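Taking the hints into account, I'd like the entire structure generated from these sequences.
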Amino acid sequence: LHSTRPPPSPRKELVIPLLPPTSHRWRDREPSSSSGSVLSSSSAPSSGSAPSVEEQAVQELLQEARQSQEQTDDPCRPSISIPLQLQDGPLQPEPGPQDYQAVPVEAFGLAMLRGMGWNRGEGIGRTFKQVVKPLEHQLRPRGLGLGAQPT
1 LHSTRPPPSP RKELVIPLLP PTSHRWRDRE PSSSSGSVLS SSSAPSSGSA
51 PSVEEQAVQE LLQEARQSQE QTDDPCRPSI SIPLQLQDGP LQPEPGPQDY
101 QAVPVEAFGL AMLRGMGWNR GEGIGRTFKQ VVKPLEHQLR PRGLGLGAQP
151 T
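Residues 1 to 151 in UniProt numbering are what the sequence shown spells out, letter by letter.
A couple of the hints might just be wrong.
Said to hold, decoys possible - Simulated restraints, written as ranges between beta carbons of each label pair: (1) R66 <-> A111: 54 to 62 Å; (2) P6 <-> V105: 25 to 33 Å; (3) G123 <-> T4: 42 to 50 Å; (4) A111 <-> S3: 38 to 46 Å; (5) W118 <-> Q149: 42 to 50 Å; (6) P93 <-> E64: 41 to 49 Å; (7) P104 <-> R140: 30 to 38 Å; (8) V132 <-> Y100: 26 to 34 Å; (9) P150 <-> A102: 54 to 62 Å; (10) T127 <-> A65: 17 to 25 Å; (11) R66 <-> I124: 48 to 56 Å; (12) Q98 <-> P8: 30 to 38 Å; (13) P93 <-> E60: 47 to 55 Å; (14) R66 <-> P20: 35 to 43 Å.
To be verified - Taking lysine to any residue and the SDA-like style, the derived pairs with C-alpha atoms no more than 25 Å apart in a straight line are: (15) K12 <-> R120; (16) K12 <-> I124; (17) K133 <-> Q101; (18) K133 <-> R114; (19) K129 <-> W118; (20) K129 <-> A57; (21) K129 <-> F108; (22) K12 <-> Q101; (23) K129 <-> P150.
Don't read these hints as lab results, they were simulated from the structure.
Fair warning: this is a prediction, and the values are worked out from it, not measured in the lab.
Just so you know, even glycine gets a beta-carbon here, dropped at the ideal spot from N, CA and C.
See the structure below:
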């Protein structure tokens with residue numbers, strides 16, 4: 001029998017991609033050039049009696065505090081601020097009912113995994129790329145196991 005309808009097109013696998021990274025990132029602190037001098041001066045023995053561990057710790061804390069004050073007083077160094085909310089608005093429009101109806105519930109989890117780079121037949125992980133079969137729980141027959149009572 002031949003149908004007048006066109007054959008159904010093969011269904012494309014649904015993929016829900018990850019959200020792109022935002023432009024707001026933490027700034028990496030630049031290593032200060034004076035931090036090396038702190039270590040060398042604190043590790044060098046003084047001409048007098050050797051300072052105790054507590055005195056060394058106090059001196060290092062005082063030096064760090066002085067350095068942080070010097071860095072904040074520097075006008076060419078901008079202050080670091082973390083925005084509470086994005087000024088540009090939402091990254092993507094809010095999903096509506098038609099968006100929820102377009103994705104079947106059964107395919108949602110697989111679509112999310114595909115968006116994260118998972119493929120069927122491939123293992124996950126950086127070094128262990130084998131596919132591992134899941135363990136399926138099998139119920140014991142009635143009357144077997146701990147606490148079973150003969151009936």
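Tested hints:
no.: 1; hint: R66 <-> A111: 54 to 62 Å; in the structure: holds, 55 Å
no.: 2; hint: P6 <-> V105: 25 to 33 Å; in the structure: holds, 28 Å
no.: 3; hint: G123 <-> T4: 42 to 50 Å; in the structure: holds, 46 Å
no.: 4; hint: A111 <-> S3: 38 to 46 Å; in the structure: violated, 30 Å
no.: 5; hint: W118 <-> Q149: 42 to 50 Å; in the structure: holds, 46 Å
no.: 6; hint: P93 <-> E64: 41 to 49 Å; in the structure: holds, 47 Å
no.: 7; hint: P104 <-> R140: 30 to 38 Å; in the structure: holds, 35 Å
no.: 8; hint: V132 <-> Y100: 26 to 34 Å; in the structure: holds, 33 Å
no.: 9; hint: P150 <-> A102: 54 to 62 Å; in the structure: holds, 55 Å
no.: 10; hint: T127 <-> A65: 17 to 25 Å; in the structure: violated, 44 Å
no.: 11; hint: R66 <-> I124: 48 to 56 Å; in the structure: holds, 49 Å
no.: 12; hint: Q98 <-> P8: 30 to 38 Å; in the structure: violated, 22 Å
no.: 13; hint: P93 <-> E60: 47 to 55 Å; in the structure: holds, 52 Å
no.: 14; hint: R66 <-> P20: 35 to 43 Å; in the structure: holds, 42 Å
no.: 15; hint: K12 <-> R120; in the structure: holds, 14 Å
no.: 16; hint: K12 <-> I124; in the structure: holds, 23 Å
no.: 17; hint: K133 <-> Q101; in the structure: violated, 32 Å
no.: 18; hint: K133 <-> R114; in the structure: holds, 19 Å
no.: 19; hint: K129 <-> W118; in the structure: holds, 12 Å
no.: 20; hint: K129 <-> A57; in the structure: violated, 48 Å
no.: 21; hint: K129 <-> F108; in the structure: holds, 24 Å
no.: 22; hint: K12 <-> Q101; in the structure: holds, 17 Å
no.: 23; hint: K129 <-> P150; in the structure: violated, 47 Å
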